[in-house]
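Chains as they are written, first to last, in our numbering: chain X, 2 to 173; chain Y, 29 to 169.
Please keep in mind that the hints were generated in silico from the structure rather than gathered at the bench. Do not take every clue at face value.
Stated by the list, open to error - Derived lysine-lysine pairs resembling DSS-like cross-links, with alpha carbons at most 30 Å apart:
| hint | chain 1 | residue 1 | chain 2 | residue 2 |
| --- | --- | --- | --- | --- |
| 1 | Y | Lys-136 | Y | Lys-161 |
| 2 | Y | Lys-136 | X | Lys-81 |
| 3 | Y | Lys-48 | X | Lys-81 |
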Amino acid sequence: MQFFGGSEISPSAPTLTATGAGNNAHMIYIFNRNGVCLLYREWNRPLHTLNPQQDHKLMFGLLFSLKSLAAKMDPTSVDKGNLGVPQLPGQGCSFHSFRTNTYKLSFMETPSGIKFILVTNPRTGDLRETLKYIYNLYVEYVAKNPLYTPGTPIRCELFNTAVDQHVRTISS
Amino acid sequence: MAAIYSLYIINKSGGLIFYKDYGSKGRMDTNDSLRVASLWHSMHAISQQLSPTTGCTGIELLEADTFDLNCFQSLTGTKFFVVCEPGTQNMEALLKVVYELYTDYVLKNPFYEMEMPIRCELFDINLTQAIQKDRVALLGR
Numbered sequence: 002m003q004f005f006g007g008s009e010i011s012p013s014a015p016t017l018t019a020t021g022a023g024n025n026a027h028m029i030y031i032f033n034r035n036g037v038c039l040l041y042r043e044w045n046r047p048l049h050t051l052n053p054q055q056d057h058k059l060m061f062g063l064l065f066s067l068k069s070l071a072a073k074m075d076p077t078s079v080d081k082g083n084l085g086v087p088q089l090p091g092q093g094c095s096f097h098s099f100r101t102n103t104y105k106l107s108f109m110e111t112p113s114g115i116k117f118i119l120v121t122n123p124r125t126g127d128l129r130e131t132l133k134y135i136y137n138l139y140v141e142y143v144a145k146n147p148l149y150t151p152g153t154p155i156r157c158e159l160f161n162t163a164v165d166q167h168v169r170t171i172s173s
Numbered sequence: 029m030a031a032i033y034s035l036y037i038i039n040k041s042g043g044l045i046f047y048k049d050y051g052s053k054g055r056m057d058t059n060d061s062l063r064v065a066s067l068w069h070s071m072h073a074i075s076q077q078l079s080p081t082t083g084c085t086g087i088e089l090l091e092a093d094t095f096d097l098n099c100f101q102s103l104t105g106t107k108f109f110v111v112c113e114p115g116t117q118n119m120e121a122l123l124k125v126v127y128e129l130y131t132d133y134v135l136k137n138p139f140y141e142m143e144m145p146i147r148c149e150l151f152d153i154n155l156t157q158a159i160q161k162d163r164v165a166l167l168g169r
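Next comes chain X alone, as it looks inside the complex (with noise of 0.2 Å):
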């Protein structure tokens, strides 16, 4: 199963209309597969519930039980398991964002584990294209970069201006 195109950066980011230009980000995590969080960045954000070690464990283990939740409710296949069985990437039935009044979660899971999430207004429409963006510049700043160890937080300048500049462009 092929998820995504090629692992160049497609040379025009997803055209994504740059009208009432605030900020509509409110923050963005990555995680890989062991849920450790390599980056966590945050534009907007005046409420803080927990402390920041907290909160990136709990976001993991809300994606992690949703995506559970979404396998075992999956109405369109037959055999779906147990709930809770730990499924391995691209398999059985995930999902791609949630909205409350406040905000909107984006979920995005690459084959190799690596969990994008980029938290925006409620308002924002389907952001599977930047999350796709995102994890090109991902594999062109990060899993390039000779001097940067696998499983590690992301410590790399040129990638944080990247995301901060195409983030940016997310209108409502």
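Assemble the complex: chain X is given as a structure, and chain Y must be docked to it using the hints.
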């Protein structure tokens, strides 16, 4: 064609008090539906904790690969959620209708014990009608 796959009602502590399936594939036995319901209750609560701004009331819409889950929480904490086809519109309206039926036929039933599973024939009948009407409206569009 099934626009709506299933309907769940859970009480304020996460216990499943009503579950109806409208033709989803694969078996979901009683234990599974109970587990799924209480899992949803917890996920709903956790999503409030992770909100970047104040005043979050929990997940309203979960978009999965093969279904959408629309959730409505009443003021008393009872949650109603439907599993439907991806992109199905006006589910909020349907959930409000279900809530109205719940208040009329369940809460006003003197024999109904609060927070206990719903066993009211009139509720069942009216619910089936409401869902059927919704389906017809959907086909007409």
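Results of checking the hints against the structure:
Simply put, Lys-136 (chain Y) and Lys-161 (chain Y) have alpha-carbon atoms about 24 Å apart, close enough for the 30 Å limit, and the pair holds. Of the supplied pair hints, the one linking Lys-136 (chain Y) and Lys-81 (chain X) is violated, its CA atoms being roughly 38 Å apart against a limit of 30 Å. Pair hint Lys-48 (chain Y) plus Lys-81 (chain X) holds up; C-alpha atoms about 19 Å apart against a cutoff of 30 Å.
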